[in-house]
Every structure is written in structure tokens, then in C-alpha cells.
Amino acid sequence: MKSTTAIFAAVCIGALSAIGVAIAQDAETEKAIERYRQMLKEDPWSNPGLLDSDRGEALWKTPRGPKNVSLEQCDLGKGPGKVEGAFAELPRYFKDADRVMDVETRLLWCMEKLQGFNAADLVKRPHPGGGQPVKELGAIATWIANQSSGQKFAAKLDHPKEKEVVALGEDLFFRRSGPFDFSCATCHAAEGLRIRLQGLPYLADPKEARKVVGEWPAYRVSSTHVMTMQHRLYDCYWQMRMPELQMGSDASVALIAYLTKQATGGEIAAPGLKR
Amino acid sequence: MKKLPLAIVSVAVIAGSAALAQQKSTVPPGVADAAIKAAFPGAPEQFVPRLSQDETMKQCSASHNNPPKEVADAIQKREKATIEYPADGKFIGDWKKGEALAQNGYGMRFTDYPPARANGGNCYACHQITKQEVSYGTLGPSLYQYGKLRDFKEAEVKAVYEKIYNSHAALPCSNMPRFGTNKVLTIEQIKDAVALLMSPDSPANKD
Numbered sequence: 000m001k002s003t004t005a006i007f008a009a010v011c012i013g014a015l016s017a018i019g020v021a022i023a024q025d026a027e028t029e030k031a032i033e034r035y036r037q038m039l040k041e042d043p044w045s046n047p048g049l050l051d052s053d054r055g056e057a058l059w060k061t062p063r064g065p066k067n068v069s070l071e072q073c074d075l076g077k078g079p080g081k082v083e084g085a086f087a088e089l090p091r092y093f094k095d096a097d098r099v100m101d102v103e104t105r106l107l108w109c110m111e112k113l114q115g116f117n118a119a120d121l122v123k124r125p126h127p128g129g130g131q132p133v134k135e136l137g138a139i140a141t142w143i144a145n146q147s148s149g150q151k152f153a154a155k156l157d158h159p160k161e162k163e164v165v166a167l168g169e170d171l172f173f174r175r176s177g178p179f180d181f182s183c184a185t186c187h188a189a190e191g192l193r194i195r196l197q198g199l200p201y202l203a204d205p206k207e208a209r210k211v212v213g214e215w216p217a218y219r220v221s222s223t224h225v226m227t228m229q230h231r232l233y234d235c236y237w238q239m240r241m242p243e244l245q246m247g248s249d250a251s252v253a254l255i256a257y258l259t260k261q262a263t264g265g266e267i268a269a270p271g272l273k274r
Numbered sequence: 000m001k002k003l004p005l006a007i008v009s010v011a012v013i014a015g016s017a018a019l020a021q022q023k024s025t026v027p028p029g030v031a032d033a034a035i036k037a038a039f040p041g042a043p044e045q046f047v048p049r050l051s052q053d054e055t056m057k058q059c060s061a062s063h064n065n066p067p068k069e070v071a072d073a074i075q076k077r078e079k080a081t082i083e084y085p086a087d088g089k090f091i092g093d094w095k096k097g098e099a100l101a102q103n104g105y106g107m108r109f110t111d112y113p114p115a116r117a118n119g120g121n122c123y124a125c126h127q128i129t130k131q132e133v134s135y136g137t138l139g140p141s142l143y144q145y146g147k148l149r150d151f152k153e154a155e156v157k158a159v160y161e162k163i164y165n166s167h168a169a170l171p172c173s174n175m176p177r178f179g180t181n182k183v184l185t186i187e188q189i190k191d192a193v194a195l196l197m198s199p200d201s202p203a204n205k206d
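Protein chains in written order, with numbering that gives the first Met the number 0: chain A, 0 to 274; chain B, 0 to 206.
Hints may contain errors.
[Unchecked claim] Where chain A lies over chain B, by a calculated footprint (3+ residues, C-beta under 8 Å):
| # | stretch |
| --- | --- |
| 1 | 27-38 |
| 2 | 59-72 |
| 3 | 95-101 |
| 4 | 128-141 |
| 5 | 157-164 |
[Stated by the list, open to error] Computed list of lysine-lysine pairs in BS3-like fashion (alpha-carbon distance at most 25 Å, straight line):
| # | chain 1 | residue 1 | chain 2 | residue 2 |
| --- | --- | --- | --- | --- |
| 6 | B | Lys-36 | B | Lys-96 |
| 7 | B | Lys-57 | B | Lys-95 |
| 8 | B | Lys-157 | B | Lys-79 |
| 9 | B | Lys-152 | B | Lys-89 |
| 10 | A | Lys-40 | A | Lys-160 |
| 11 | A | Lys-66 | A | Lys-81 |
| 12 | A | Lys-162 | B | Lys-152 |
| 13 | B | Lys-162 | B | Lys-147 |
| 14 | B | Lys-152 | B | Lys-130 |
| 15 | A | Lys-162 | B | Lys-157 |
| 16 | A | Lys-123 | B | Lys-96 |
| 17 | B | Lys-182 | B | Lys-95 |
| 18 | B | Lys-89 | B | Lys-68 |
| 19 | A | Lys-30 | B | Lys-57 |
| 20 | A | Lys-160 | B | Lys-79 |
[Unchecked claim] Listed below are several chain A residues computed to face chain B (Cβ distance under 8 Å; list not exhaustive):
| # | residue |
| --- | --- |
| 21 | Arg-63 |
| 22 | Tyr-92 |
| 23 | Arg-175 |
| 24 | Ser-176 |
Everything labelled a hint here was simulated from the structure, so no lab data went into it.
Source: prediction; values computed, not measured.
We put the CB at the ideal spot given by N, CA and C, even for glycine.
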């Protein structure tokens, strides 16, 4: 029995030697990234995203906009000004807006209604270019997410409007379009796959969604800034050869609601750290 | 003893995924289309057609890329009819250009206009091809020694050309872009990609 196993193993090693070399190199790269993550975990204050989180807190509390008021009366779902744990229950249906909203869409609403900003201006260039810091709304969203860090995703998503939005999100996740026929599912609907050497999370599987969704907003080492979830989706659609996804659009909220639903019970560890 | 429950589990898994394939969306027709149109309000004119789906995209999306047989047959027939063949009847171009094409992911993103150079095929994003390139993706099958394993047969050369031109003609609801039909690559570029896989002197076919 043992010798059969040994021969089988030898045959496998021979046949797969070419793949073996690549896997060994991939494993090295993965290990190095994992070491980097571990070092950051041991010293949580080394995540540069926390600077943006602090900036976000200050922005939340500072009187701003044409009406010169702070966001401290903004209701994120748990009552005006209540921030701790609010992100863990988003997206949710807001009666005042008669819409389901994720954290960034809700901030757009509060900045328009409370502070008097023009929402159309806020969504014009809402995301930073490479090397630039996350914009103000994104910094505030990062702080709000951080205020739920350590908690688990617990959005109920049981209101009829919330259910509609989650179903739409799932539909959009599988919707193929553009000259490359891509959908979210092209890259995120199977386990253990990668683009080049970059691993891809299987987001249609709650087990994997629970592991990664809670890391957003995240500091991205490759672009040296915090990327919010709305920005992450915008970037996916860019890669899918689609036009520019509007921040706060129903489609963006629906996808975030679907992903959050998939991640229910997963821990929030925001801001996370990505390649 | 241990084998029996495993077999039962496998059957259950297969039955489960078959049921999933039949699952229809609960979203009323038109809602997703309207949401997509509204989500890209600033789309330049040349991008607007990208917001809509053709029949194949619709059928693949609705079935989560697992269409029932009659739908799959219809997709295959329709997509095969779109394939244009090289005027000179030759399918094999230059493997060196094919390798460059396989490495290059440029093209058709909203930051790629006006185009600065020809589009790439970005084959390595999803496929292993040569042994030398270790940074390859795994969304698609390995194509290492693709031609050698098929004895460089003429029929296989044509089949590769067709697969790259329109993957759905071979595998309905394939994840691979329809490079020829959707004008991502030119006929000459597709011939170069075919050469990378099917030329006996291509590094893809070396040990």
C-alpha cells in the first residue's frame, strides 16, 4: 500500500513538474504577502488607512458646507449621530430617503440634506487617482466602517425594499455585458482561481465573502490610498470595459447589498489592507 | 464503507448545481437593464451600446452560464455564424507577435481612449501557455503544449482559430471574450495567437 502511494506520488511529481515550479513561486509570493499582513496585524497602527479614518472623524465633527454644520445629526440607521455599530447594519432601508443605502450613499444624502452640498458635484470625481488620498466622503466612510471593526455583519435586509435590492444585486452580479462579455461572476464565481498571480475571492460563496467583504474600505498598497467599496466596484466595472459607475447609483447599492448579504456573520476589520 | 456516503454526497452536489442552473432571477424583467442604464449616466456615446445585452449575454446571464441544452445549441449555432475566416485561408501567423499579444492587457477600458496602441489579448491573465511565463492565471485551462498534445493537426488549428474568434461557438456561455466577433482583436492578431499555441517552434510547445 505504501509503495503504491510512493509510486503514484512520483508519477504525479514528474507529470506536474512544470506546474510545480510555478506553484512553488506563487507560494513564495503568497508567503511574502502573508508575512507583510502578519506584521501589520501585530502592529495595527501601521495601516496607513487609519490616518484617513482619523481624517474622516475630524471631517464628521467639523461644521462644513453651505449650511456650515457638522454631520453629527446624520442618521446612519441607529439614530442621529450614532456611529458605533452603524456600519455593521448597513445597507438598510431609510424611510426619509425612501431608498436602500450603503454607507457612502447615505453620506451623500446627509452631506446634501444637512450640510447643503450639491450631491451632483460630490459624485463628479468621487474617487482618488493613484497616489492621491481618499476623498473626504471616502475618509468619513472609512471612519464609520472602523467604528464597527470587530463586529459582525448583521444587516437584516428583510424589509421588502431591501429584499428587492439584494435580488437585483445578485442579478447584476451575473449580468454579462460589454465587449468582453464580463460579469462579476466571470472572476468571482469559483473557488481558488486567480488572474495572473492574484487570487480571486469566490464572492458567490458566503464562506469566502465572510472572509473578505469586511476588509473594505481598505488601504491598497499598489495605489497607496484607501479604496472604498464604491470605488472597488467602479474599478471592477473599469476592468470589465464598462463606463464609469456612478457613486450611489441603485446598481452600486444593489451589488453592495448582495455582497453584504453574502458576508452576513463575517467580521468587519476595516480599514483592511490589500495588495 | 467510506466510499458509499461519498458517492451519495457527489450525487447530491451534482443534483444541487443542476437545480441552481435552472433557477430564474426573481427580479422583474427590465429592472436590471434600467438600473444599469441609470448607473452609468456619463457614458460617452461609443460606450452606450455596452449597457445593453445581446441575446447570448442574456441567455448566459439568466442561466448563470449553465444554459439548458436547447439554449446552448441555439447559442452555439448563432455564434458560429459570426466567425469570419482569413481571406488567404491560412490560420497560423507569427508566434512571437502572439506571445506579445498574450502578455498585453491593453485596450477598451474607458482610460484607453483614444487608443494609444493595438488591443492586447491578455491570454496569460487566465491561461498558462509557455513554461517560461510563471505569472499566469487559472480562470481558464492550461494551454501549455496545446499544439503538441494535438499532434499539430490541421483540424485542430482551425478549431483554435474559431475558439479565439468566438469561444461560444465551441463552448456556449464560455467565460472567454468573443475576441473576433466583438472586434477586440483583428483576424491577423488572432492568427498570431493561434501560432503561439499551434506552431511546433512556439515556446508553448517546447518542454
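The hints, checked one at a time:
{"no.": "1", "hint": "27-38", "in the structure": "holds (count 6)"}
{"no.": "2", "hint": "59-72", "in the structure": "holds (count 4)"}
{"no.": "3", "hint": "95-101", "in the structure": "violated (count 0)"}
{"no.": "4", "hint": "128-141", "in the structure": "holds (count 8)"}
{"no.": "5", "hint": "157-164", "in the structure": "violated (count 0)"}
{"no.": "6", "hint": "B:Lys-36 <-> B:Lys-96", "in the structure": "violated (38 Å)"}
{"no.": "7", "hint": "B:Lys-57 <-> B:Lys-95", "in the structure": "violated (37 Å)"}
{"no.": "8", "hint": "B:Lys-157 <-> B:Lys-79", "in the structure": "holds (13 Å)"}
{"no.": "9", "hint": "B:Lys-152 <-> B:Lys-89", "in the structure": "holds (14 Å)"}
{"no.": "10", "hint": "A:Lys-40 <-> A:Lys-160", "in the structure": "violated (38 Å)"}
{"no.": "11", "hint": "A:Lys-66 <-> A:Lys-81", "in the structure": "holds (21 Å)"}
{"no.": "12", "hint": "A:Lys-162 <-> B:Lys-152", "in the structure": "violated (54 Å)"}
{"no.": "13", "hint": "B:Lys-162 <-> B:Lys-147", "in the structure": "holds (17 Å)"}
{"no.": "14", "hint": "B:Lys-152 <-> B:Lys-130", "in the structure": "holds (22 Å)"}
{"no.": "15", "hint": "A:Lys-162 <-> B:Lys-157", "in the structure": "violated (48 Å)"}
{"no.": "16", "hint": "A:Lys-123 <-> B:Lys-96", "in the structure": "violated (40 Å)"}
{"no.": "17", "hint": "B:Lys-182 <-> B:Lys-95", "in the structure": "holds (21 Å)"}
{"no.": "18", "hint": "B:Lys-89 <-> B:Lys-68", "in the structure": "violated (33 Å)"}
{"no.": "19", "hint": "A:Lys-30 <-> B:Lys-57", "in the structure": "violated (41 Å)"}
{"no.": "20", "hint": "A:Lys-160 <-> B:Lys-79", "in the structure": "violated (42 Å)"}
{"no.": "21", "hint": "Arg-63", "in the structure": "violated (26 Å)"}
{"no.": "22", "hint": "Tyr-92", "in the structure": "violated (17 Å)"}
{"no.": "23", "hint": "Arg-175", "in the structure": "holds (4 Å)"}
{"no.": "24", "hint": "Ser-176", "in the structure": "holds (5 Å)"}
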